[in-house]
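If you're matching positions, the sequence shown starts at 1 in my numbering and goes up one per residue.
Possibly wrong hints are sitting among the right ones.
Stated by the list, open to error - Distance windows between CB atoms, simulated:
(1) G129 / S264: 20 to 28 Å
(2) R265 / G221: 33 to 41 Å
(3) P125 / V35: 27 to 35 Å
(4) D77 / S348: 28 to 36 Å
(5) S65 / T270: 53 to 61 Å
(6) S160 / R17: 28 to 36 Å
Said to hold, decoys possible - Okay, derived cross-link-like pairs now, SDA-like style, lysine to any residue, Cα gap no bigger than 25 Å in a straight line:
(7) K247 / M281
(8) K312 / Y301
(9) K312 / N96
Please keep in mind that the hints were generated in silico from the structure rather than gathered at the bench. From a predicted model like this one, the values you see are computed outputs, not experimental measurements. Even for Gly, the Cβ is constructed at its ideal location relative to N, Cα and C.
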Amino acid sequence: MHTASPCLDHWPSVIERLSSLLDLDASARVHGALVRRRGVRSAADLLHLGLLYGPGGLSLRSVASHATETGIADLCDVSLLDRLRNAGAFFADVLNHLLADVRGKPPGEACSGLSLVDGSTVSLPASEGSDWRLHARYEPARGGFTDLLITEASTAEALSCVAVRPGDVMVQDRGYARVRNFAHARANGADFITRIGWRSVKLFNLAEQSFDLLAALPASGAPVVEHQVRIGAASTGMPARLIIARKPPEATARQQARLHRKASRKGHKTDPRTLRTAGFMMLLTSLSAERVTANDVVRLYRMRWQIELAFKRLKSLGGFADLRATDPRLARTWLLAHLIAVVLIETSLGEALDSPP
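All chains, full assembly: derive it from the sequences and hints.
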């Protein structure tokens with residue numbers, strides 16, 4: 001079990017930074033987290049308790065005992081439970097101000113404007129499915145997350161769950177291959193690079209005829225090819241470039257083996273079309289050929305490993321996947337406390353480095 005969080009080792013400096021971003025006590029009052037100060041004197045102390053319980057890895061009873069011994073607060077574990085159940089909106093406000101501060105700082109030169117968007121799920125203890133979904137945006141130029149949103153797992157992955165700014169290039173996996181996400185990016189002055197499956201999106205050619213993606217797969221020749229297409233309705237569809245990159249034989253074999261295993265578990269036969277497209281990476285992008293070549297689009301998409309690695313750090317090292325709270329309101333506070341700690345740690349590391357990793 002975790003016993004401490006690195007962000008708690010320098011608590012006075014943490015509170016000094018947070019207090020420069022927002023009035024903690026006012027936020028806690030507005031969001032109903034500090035209506036009465038009985039047992040907890042300030043919003044800073046309430047946040048301290050939440051971080052001890054979440055990324056600190058302590059049980060409610062241990063946090064209450066530690067708080068009493070150190071003079072942070074004077075309350076029992078039942079009272080602490082009630083306090084933290086009501087602190088979710090306050091913790092979300094703290095997280096949003098932290099992220100706004102990160103976004104407001106100038107990024108590094110490399111890949112400025114590139115944003116990697118993805119989602120991840122978390123389950124309650126003994127749950128048979130996913131209960132919470134984390135929507136995230138990661139900017140390589142800043143070396144960390146710049147948007148984090150917790151919702152119930154029923155909320156689908158969507159580009160509207162993160163901030164989209166003019167000039168951004170949003171890189172997304174197949175879960176975001178929806179017309180509404182493409183339209184959202186363009187309506188906000190951003191471009192997109194999105195991976196698709198062979199039946200993810202209805203495509204048309206420039207002659208307003210249905211585009212046969214399977215027929216467009218190269219039988220041999222160049223490792224990367226591209227086609228001009230329209231997304232959605234033939235006459236009013238959004239123009240885009242379809243870029244198809246051939247995978248190495250070993251990667252194709254691994255993907256086809258995974259598809260066979262998945263179909264076997266469900267008692268299905270694998271669709272031959274799915275097996276065929278497993279040998280290719282298919283991308284849609286609104287970036288013009290004059291601005292970015294097809295090979296560079298493929299290279300930019302492959303930078304998604306950075307957000308995938310960030311999720312792994314968050315879950316394995318940060319303990320984000322080890323959700324212990326069973327009460328939904330308490331669980332939300334627990335998750336938000338972890339995200340606050342992650343942003344604090346990422347920004348402190350970024351300040352210590354000459355440039356983002």
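Item to check | Outcome of range test on Cβ distance (S65, T270; 53 to 61 Å) | outcome: 55 Å, holds
Next on the checklist: What's the verdict on K312 and N96, does the C-alpha distance respect the 25 Å limit or exceed it?
Outcome noted: Roughly 22 Å separates the two Cα atoms, so the pair holds.
Item to check | C-beta pair P125, V35: status relative to the range 27 to 35 Å that was hinted | outcome: Taking Cβ atoms as reference, P125 and V35 lie about 29 Å apart, which means the hint holds.
Next on the checklist: Range first: 20 to 28 Å. Now tell me if the beta carbons of G129 and S264 are that far apart.
Outcome noted: At 21 Å between Cβs, range holds.
Checklist entry - Keeping to a limit of 25 Å between CA atoms, is the pair of K247 and M281 held or broken? => result 7 Å, holds
Checklist entry - So does S160 sit 28 to 36 Å from R17, Cβ to Cβ? => result 29 Å, holds
Checklist entry - Do the beta carbons of R265 and G221 sit within 33 to 41 Å of each other? => result Taking Cβ atoms as reference, R265 and G221 lie about 36 Å apart, which means the hint holds.
Next on the checklist: Taking 28 to 36 Å as the stated bounds, is the beta-carbon spacing between D77 and S348 within them?
Outcome noted: 31 Å, holds
Checklist entry - Within a Cα-Cα threshold of 25 Å, do K312 and Y301 meet the stated pairing? => result The given pair, whose Cα atoms are some 19 Å apart, holds under the 25 Å limit.
Hint compliance for this structure: every hint is met.
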